[in-house]
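Fit chain C to the known structure of chain Y by using the hints.
Chains as they are written, first to last, in this note's numbering: chain Y, 1 to 592; chain C, 1 to 592.
Hints are computed from structural coordinates only; laboratory data are not their basis.
Where a beta carbon is used, it is the ideal one built from N, C-alpha and C, also for glycine.
Check before you lean on any hint, since a few could be wrong.
So the derived label-pair ranges between C-beta atoms look like this [to be verified]:
hint, chain 1, residue 1, chain 2, residue 2, range
1, Y, A274, C, L426, 45 to 53 Å
2, Y, P572, C, L426, 45 to 53 Å
3, Y, A274, C, W395, 32 to 40 Å
4, Y, L232, C, D490, 26 to 34 Å
5, Y, Q255, C, A410, 54 to 62 Å
6, C, A221, Y, L426, 50 to 58 Å
7, Y, A262, C, L426, 31 to 39 Å
8, Y, S419, C, T569, 34 to 42 Å
Here are some of the chain Y residues that sit facing chain C, going by a computed Cβ distance under 8 Å [what the hints assert, rightly or not]:
hint, residue
9, T37
10, F133
11, P137
12, G241
13, Q244
14, Q245
15, Y397
16, K399
17, L429
18, R458
19, D512
20, A513
21, Q547
Number of protein chains: 2
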Amino acid sequence: MSAAAGRRAAWLLRPAWSRGYGRDTLLRDGVAAVIVTLMLIPQSLAYAALAGLPLEAGLYASIAPLLLYALFGSSGVLAVGPVAVVSLMTAAAIGEHAAAGVPAWTAALTLAFLSGGMLFLMGLLRLGFVANFLSRPVIAGFITASALLIAASQLAVVLGVPAKGPNFFVTIAALLARLREVHGLTAAVGLGAIAFLWWVRRGLQPLLLRLGVGARAADLAAKAGPVAGVVLTGLLTWAFGLDQQGLKVVGTVPQGLPPLTAPAWDLSLWQRLAVPALLIGVVGFVESVSVGQTLAARRRERIDPDRELLGLGAGNVAAAFTGGFPVTGGFARSVVNFDAGAQTPAAGIFTAGGILLAALLLTPALYHVPQATLAATIIVAVLSLVDLDSLRRTWAYSKGDFLCVLATLAVTLGWGVESGLITGVLLSLALYLLRSSRPHIAEVGLVPGTEHFRNVLRHRVRVSPRVLSLRVDESLYFANARALEDRINDAVAARPQLRHVVLQCSAVNAIDASALESLEAIDHRLADAGVRLHLSEVKGPVMDRLQPTAFLRRLRGQVFLTHYQAIETLAPEVLQDDRANPAATAAPAARA
Amino acid sequence: MSAAAGRRAAWLLRPAWSRGYGRDTLLRDGVAAVIVTLMLIPQSLAYAALAGLPLEAGLYASIAPLLLYALFGSSGVLAVGPVAVVSLMTAAAIGEHAAAGVPAWTAALTLAFLSGGMLFLMGLLRLGFVANFLSRPVIAGFITASALLIAASQLAVVLGVPAKGPNFFVTIAALLARLREVHGLTAAVGLGAIAFLWWVRRGLQPLLLRLGVGARAADLAAKAGPVAGVVLTGLLTWAFGLDQQGLKVVGTVPQGLPPLTAPAWDLSLWQRLAVPALLIGVVGFVESVSVGQTLAARRRERIDPDRELLGLGAGNVAAAFTGGFPVTGGFARSVVNFDAGAQTPAAGIFTAGGILLAALLLTPALYHVPQATLAATIIVAVLSLVDLDSLRRTWAYSKGDFLCVLATLAVTLGWGVESGLITGVLLSLALYLLRSSRPHIAEVGLVPGTEHFRNVLRHRVRVSPRVLSLRVDESLYFANARALEDRINDAVAARPQLRHVVLQCSAVNAIDASALESLEAIDHRLADAGVRLHLSEVKGPVMDRLQPTAFLRRLRGQVFLTHYQAIETLAPEVLQDDRANPAATAAPAARA
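So that you can see chain Y by itself, here it is in the shape it has in the complex:
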């Protein structure tokens, strides 16, 4: 093995946190693990139900993936497991294939395998940057829409009404149409659980603080609400035999180790699942990295996105072979882990141990937990993801970005998670390209008393009628090269006194082959009209490119280091004092 390959293998296999692990770290990690385990049990069951899978799959998905993530991942506090949005996407992807005769769980295992494989491969190729192409408006619209979709589907469970439509609006309409079929007892338990969980979230912490409980303990107590809800409604159901009166309960969950499973080795199924698997992987990765970076920054640490890809990839592959389904680093859970003091991925290993004990011993105790309670847990969790304030701020800041939020939101609600996400990404890229294809080109003049040039329309500046100074506020590339040609043509036609055009290239970060041809054409046409083309403030990387070209050899004008030097050479009268030199006119003050 070469030295480079050896280093690569070491990078892959050495958990970054393993050095210097001591007793104190062990204790903190252990405490965090107990708390997260308690929180994870009801969540795992609920998200398995959301994904349309047997509840035990949720427990299995919270064991092996955590171990593998701990081995490959980089974040000390990220808690991996089933999360709401990814479970929803899993349900959508496997729902499409249920008709084709593929069992739901097999499809979910295959999805986890493909998704994990893709993430791991992306990690090896260090492709973490692709997540950057999911813009925040797209993520905001997608998460809000997913939360509404999830809430609608769980509301049907809470009310005991079977309502399931092809999209959000149909689901809501079906729910409203069947309101009189609501099962009273189920609705009472479900809505009661929602009210309780909401109070725990909003009212319990201030109350505990007033009662003198420490801030951290109060916070953790509030976060433990779902566990309390599950225990309380489970006990009530058991004590009063509510399951005999039509209240649906979790029922028998198999007891034992996670089973050894395998994805379907079916190439045509792989082809059909490839796009959903990629989207699930990328969305999970983005959620995971956002959470991880936010938490790491609080401790002045950094996470490595490429290692996260490896960690999540390995975790999902592990889920595929141990009866799970697609997982990622969840927000709520990671925050709890962080607050409880987790220091290293070892906390995740201990959590996995906790869930394993639950799968081995605790499942009979879950028999009487009402399904409506699990649905209530999900509803309260996802509604906190609806971020209307972010929508409002985006509207105020940029109508184009808001359009991306709105389109992602609407398409996700109306046509499903995959269409919504793809629409959002393509729309945000198209808007970016469209904007960059219509560059802002400003005529600039000298700010008196400085060496600085600004837009003649916005600042009181000095210009010469013989020199046109243009600042192009965009890299020059094929989509906008023609816009510059047009602007210069118009200017030359309008100004008979013109002798020099100076392009201030401070905002030109690149010039591609198409734009280079445009510049040649501009120089040529200007020369025919007796005008010279000059460049100023060309950046190093751009100049390196231009140096050997015929364009620079043939250019009639000069290339100036600064725009000030250009004006010093071409129109020195502009630099002189106003009164001494009335010829150099001050340009009109701010217009637009």
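Only chain C this time, still in chain Y's reference frame:
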């Protein structure tokens, strides 16, 4: 009708050239028309054959479209009609549907109708700018590949060997495999015609000039080569009865007015033809506008791309109803038109009259023209489109642009014109996005004796250890926002003395909502580390956006008009003389 609608109607319907049309203009237009007519007859027949249609379709496509273009178009010299690349694309599109039982000509009429309708609609919506998204490398690769495809298909005709493969390489292989089946007489005529046309193109003009013929007349004589070739080989065939010896000739071409035809009114066919129609329209538009702009610039005129869309759209719709096929403004033909002195689109009307006369009277005389001669005409015409020098220059200038040329070329040759074009466009957009997602971020310092700041790695500049000046060479948007976060995080970690980070925003042309959140995060994190974030040289349009945001209210640092003012305020020692102030260090000289 409102005043605005009235103006709009006037813009649509008033030929821009109709004012001040006099006797002199009439004469020039008339002479140009005669010359172009002569050139257009063999070309029209040849391109109809290339498109896989009856030869008379070529004549019909050169009558009504010219009239309609004259009414709506803006260029005085563009000669509209069948052209090589568009005919090739037509052949590819209708070839796919021949199997589905749609007659070739009907498919071609439908294609012209759809393509024309799309162009006209784009013109009404003033969408001319979409053509900018075809970069020059993509066009160069596509045109070169198309020329090779056309040459290969016509070589089979010249050699009298039926060789037609699914792609360029298979066609060439088939041709080589069947070399011994070459029909001697056909090959002799065809290769002879190629040699003659090549000589006319390269050798005749210098010869005439040496013989004292005027430059313009010599040039036109050289351009009339194809006509001479057709007449000569036609006479030879007639005189020696070569068509009796196996030489394939044009044969009977119906005599008469263009027929009244209609596209197929079949929605499923429209759906299948939509993508080829759009590509044919856009490629035709780009070719047309390039030629038109080049020629207009020579006369200090301008063409209006949106009017061109209307003109070409109307021309193609006209072709659909008069037995033609997709047309556009051709390069060779327009240059001849220009050289012959055409002044206005009326020259096109006269040319249409000339072709009409040919369709009415001349077709019997075409009976004996060998098909090999027409193929030779095409081969010589398209080989001048192969632009290897442009490939070489693109390679030298930019490997990314060269990759676009190469991919477009290879995919067009291997998988056909549509795949090639789509691959090229998507690849060039992807490369642009990828590049802009990895922005160049330079640390800058003061160039001594000026108020100008440049990269510390490239210039001898002055900096302060307490202030980090970063210039981001890209607009900040979702795909690159994280790169800035990473760069600043790294810098802060590496420099314990740091107190201020100033972002010089001279190259930041826009900040989207994602990047705004990143800036907020950066400010927040820097504040935690005891470092202030400042901005300088923020552009007007960007500042307008930032003004009402919470980011600017909460920003710990200031916004400076110039970067010089920022350094004056934050690190005045940098502005002082070196010897008086050894603390301000000069940064290392150029490294990279």
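Hints and how they fare:
no., hint, verdict
1, Y:A274 x C:L426: 45 to 53 Å, "violated (18 Å)"
2, Y:P572 x C:L426: 45 to 53 Å, "holds (50 Å)"
3, Y:A274 x C:W395: 32 to 40 Å, "holds (35 Å)"
4, Y:L232 x C:D490: 26 to 34 Å, "violated (50 Å)"
5, Y:Q255 x C:A410: 54 to 62 Å, "holds (60 Å)"
6, C:A221 x Y:L426: 50 to 58 Å, "holds (54 Å)"
7, Y:A262 x C:L426: 31 to 39 Å, "holds (36 Å)"
8, Y:S419 x C:T569: 34 to 42 Å, "violated (51 Å)"
9, T37, "violated (31 Å)"
10, F133, "holds (5 Å)"
11, P137, "holds (5 Å)"
12, G241, "violated (52 Å)"
13, Q244, "violated (52 Å)"
14, Q245, "violated (50 Å)"
15, Y397, "holds (5 Å)"
16, K399, "violated (11 Å)"
17, L429, "holds (7 Å)"
18, R458, "holds (5 Å)"
19, D512, "holds (6 Å)"
20, A513, "holds (4 Å)"
21, Q547, "violated (11 Å)"
Comparing the model with each earlier hint shows violations of hints 1, 4, 8, 9, 12, 13, 14, 16 and 21; every other hint is respected.
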